[in-house]
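Peer 1: Okay, here's what each chain looks like letter by letter:
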Amino acid sequence: MPSAITLERVSKVYRRYGRGRRFATLKSALLTGSLVRHLSPKESFRALDDVSLTVGAGAACGVIGRNGSGKSTLLKLIAGITRPTSGEVRVGGRVSALIELGAGFHPEISGRENVFINGVMLGMSRREIDRRFQEIVEFAEIEDFIEAPVKTYSSGMYLRLGFAVAVHVDPEILIVDEVLAVGDEGFSLKCLDKFAEFKRRGKTILFVSHALSMVERFCDEAVWLDGGRKRMAGDPKRVAQMYLSDVEQAEDAHLAAEDARARQSSAPSGPPPPADREVDREVDREVDREMAGAASPDAADTPPDAPASAVEAPDEEAPAPDVPAQEGPENRPPDDMFEAREGRWGSGIVRIEQVTLEGPQGAAHVFHSGEPMTIRMQVVADRPVGDFAFGISIFSTDGVCCYGTNTRIEEMESNRFDGVGEVAFVIDRLDLVEGTYKVDVAVHKQDGFSYDYHRLLYTFRVKSNTRDVGIYRPRHAWQFSGNIRFKPLQT
Amino acid sequence: MPASLIRLFRYRGLIQILVARDLKARYRGSVLGFFWSFLNPLLLLLVYSFVFTTVIDRGDIAGLEPYAVFLFCGLLPWIWFSASLNESANTLIVNGNLIKKVVFPVEILPVVAVLSNLCHFVLGLPILFGFLAYYGIPLRLTELIWFPAVVAAQLCLTLGLSMILAALTVHFRDVKDLLANGLTLWFFATPILYDMSALPGGARAAMQLNPFAHLAIAYQEILFHEGPFGHRKWLFAVAGASGGLFLLGYWLFDRLRDSFAEEV
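Chain order of the listed sequences is C and V.
Residue numbering for the first sequence follows my numbering, starting at -15 and increasing by one per position.
Residue numbering for the second sequence follows my numbering, starting at 344 and increasing by one per position.
Honestly, the hints are just simulated from the structure, not real lab data.
Hints should not be assumed to be uniformly reliable.
Non-contacting residues of chain V with respect to chain C, defined by C-beta distances greater than 12 Å in every case (computed) [claimed, not checked]:
#1 PHE395
#2 VAL446
#3 ALA492
Listed below are several chain V residues computed to face chain C (Cβ distance under 10 Å; list not exhaustive) [said to hold, decoys possible]:
#4 LEU357
#5 ARG371
#6 PHE447
#7 SER602
Pairs of lysine to aspartate or glutamate, EDC-like flavour, derived with a Cα cap of 16 Å [stated by the list, open to error]:
#8 C/LYS183 / C/ASP168
#9 V/LYS443 / C/GLU92
#10 V/LYS367 / C/GLU92
#11 C/LYS221 / C/ASP236
None of these values were measured; they are calculated from a predicted model.
Beta carbons are placed, not taken as given, at the ideal position from N, Cα and C, and that holds for glycine.
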């Protein structure tokens, strides 16, 4: 297969200048008479680093990578908008770049005139445009507005017209940068059809997208750029898979850092000061009881700030007297419990020292729907306690309590705990839909009095290949009678 | 460089369509539309001739009657010249989108700016000739055949300067402000409002270094003054220098071309 696009050890260095350069150097440049020297950079930034790449004629190649990985620079180099700092770019055939749609449209003149101007700019002759004009206008779906000045167009119309002109240039090589998000579903489909037609006619397509499914479905090969370097190239499914797992790792690190920050800012400063004011305790119990009211199971759609650990806070007598109250005002729960805010409070006699979320491969922040998950807590008791309960609850980012429980609800009677211990909450299948979730963990007395309460301090993300909605995904299967048929799964 | 000059010629279709776009877009939405191309120079002429014949009573314009026509002969080309340079200095920045996002032959942008102003100049010519006819100023064919040559020389000069200004403004935005003031000075240092012969000897010698002075004088001699076109020698010199300047400007532009997409 002859190659349509060849890159050989291509690097692109962008220059960054120190501040104030614009003010200082015209004068000095004129005084020293060295324009060229003053145009030299102060520091540089490598957007692409030693990238080699070959795309065969007639192939569709997807380029994936995070923001700032050099994808757009790569497209610009191939389109010929900029030149490489070193290395060589060879392109065979007419290139049409869908990088900026409608660039060069003049707002004051009509759509019709702009089609002609844009077409000539993109390399068509006037006769060619004449011939395809009707097709272009129909493709863009703006027949009624073609005589109106472009400045009156909606942004969707503007982009559609730009897209229509660009794909009718009839290029050998089509370069597409994230423009499929133009217009409604119908138009997106039309764009895909157009690309498919290009493919059928043996044109080469270079395609940048964050929509991995699109790359997997549409492309024959894929390139993964990372920090300006080529990380991987080859089969789109494999490349996309590797890319995805890399993204998850990064996300994991990011969530971990964020959680660490939240804990830092809510950590009690030093050991809680001793104070045995019965009033404070009374207030705490009052609050805990309020929370319990809000967490009744039938109030699931009210702001579920109530920690599950307080559900069914008992109407018992005063707390067991084996633990003298030792709590400071700093460690009290927030006044407004309906405000879902990260925080940590409690008397501190029993403390949760560390919490880890674990997936099948150990500590993680990103899980796949249906994977097992373990919430592991390291706990410490300063002195022997007999009255305690452990609780956890899981919240979605919009504050809905997805699940909450504690050992008391599950009718486990506490007996004794002393020293250092470990508690694990094991979930066999994390059947949540895709999204970000936060976790409360707590250790408290049977009546709800907090020893140590961590509110929304732990975050995890659930990934899923299905686009189902809601919170909970029950394990399920579809069954159909024989006369209901579906097409076989396309991959 | 010769190759890229040939490319410039290949883009003539694009240049043509962009000039047409400029002309169309400029007066779109105004009531008088295209008439502004005629009205603008006319109004400017009115202002200048009012100031210099009625407000300031000058002795030296005695030999320049009718003064308005004399003024117009130099003013119309000057408007073309100064508007072209002002637009060229801006054009790469205004059209940054084209440079950064599309494969586009950047060098045609200043060319388009100069040519669309040339169109306004040409549209102003009927008014100028109308004035000449109205005041009964005789035009001789032997002189008129030089008129296109002067226009061509001015075109070269303007294109060369435009290329340089367009390329430099991308790197130094100060050029725009310097240019605005520089053009005001240049205007008064050119024999448009007055006749060259009114100057003392030293100033006149210095004036010989001003290329636009020779162009203005050429226009005045061909259209306004009687007698043969005696400024021919200077016109050739200016035309030669302008050609050189165009090549220099194009070379500089070509040299800095790769930096535009990053700097705009």
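Peer 1: Does C/ASP168 lie within 16 Å of C/LYS183 when you go C-alpha to C-alpha?
Peer 2: violated, 23 Å
Peer 1: Is the nearest CB of chain C more than 12 Å from the CB of V/VAL446?
Peer 2: The assertion about V/VAL446 is violated, with a minimum of 5 Å to chain C.
Peer 1: Is the Cα-Cα distance between C/LYS221 and C/ASP236 16 Å or less?
Peer 2: violated, 22 Å
Peer 1: Find the nearest Cβ of chain C to the Cβ of V/PHE395 and say whether that gap is larger than 12 Å.
Peer 2: Fine: 35 Å to the nearest Cβ keeps V/PHE395 off the interface.
Peer 1: Can we confirm that no CB of chain C comes within 12 Å of the CB of V/ALA492?
Peer 2: holds, 31 Å
Peer 1: Does the CB of V/LEU357 sit less than 10 Å away from some CB of chain C?
Peer 2: holds, 5 Å
Peer 1: Quick check on V/SER602 please, does its C-beta sit within 10 Å of some C-beta on chain C?
Peer 2: holds, 7 Å
Peer 1: With 10 Å as the cut and Cβ atoms as the points, is V/ARG371 at the interface with chain C?
Peer 2: holds, 4 Å
Peer 1: Less than 10 Å between beta-carbons is the criterion; does V/PHE447 satisfy it with respect to chain C?
Peer 2: Hint holds; V/PHE447 Cβ to chain C Cβ min 6 Å, cut 10 Å.
Peer 1: Does the alpha-carbon distance linking V/LYS367 and C/GLU92 stay inside the 16 Å limit?
Peer 2: Roughly 9 Å separates the two Cα atoms, so the pair holds.
Peer 1: Within a Cα-Cα threshold of 16 Å, do V/LYS443 and C/GLU92 meet the stated pairing?
Peer 2: The hint is violated at about 22 Å.
Hint compliance for this structure: hints 2, 8, 9 and 11 are not met, and every other hint is.
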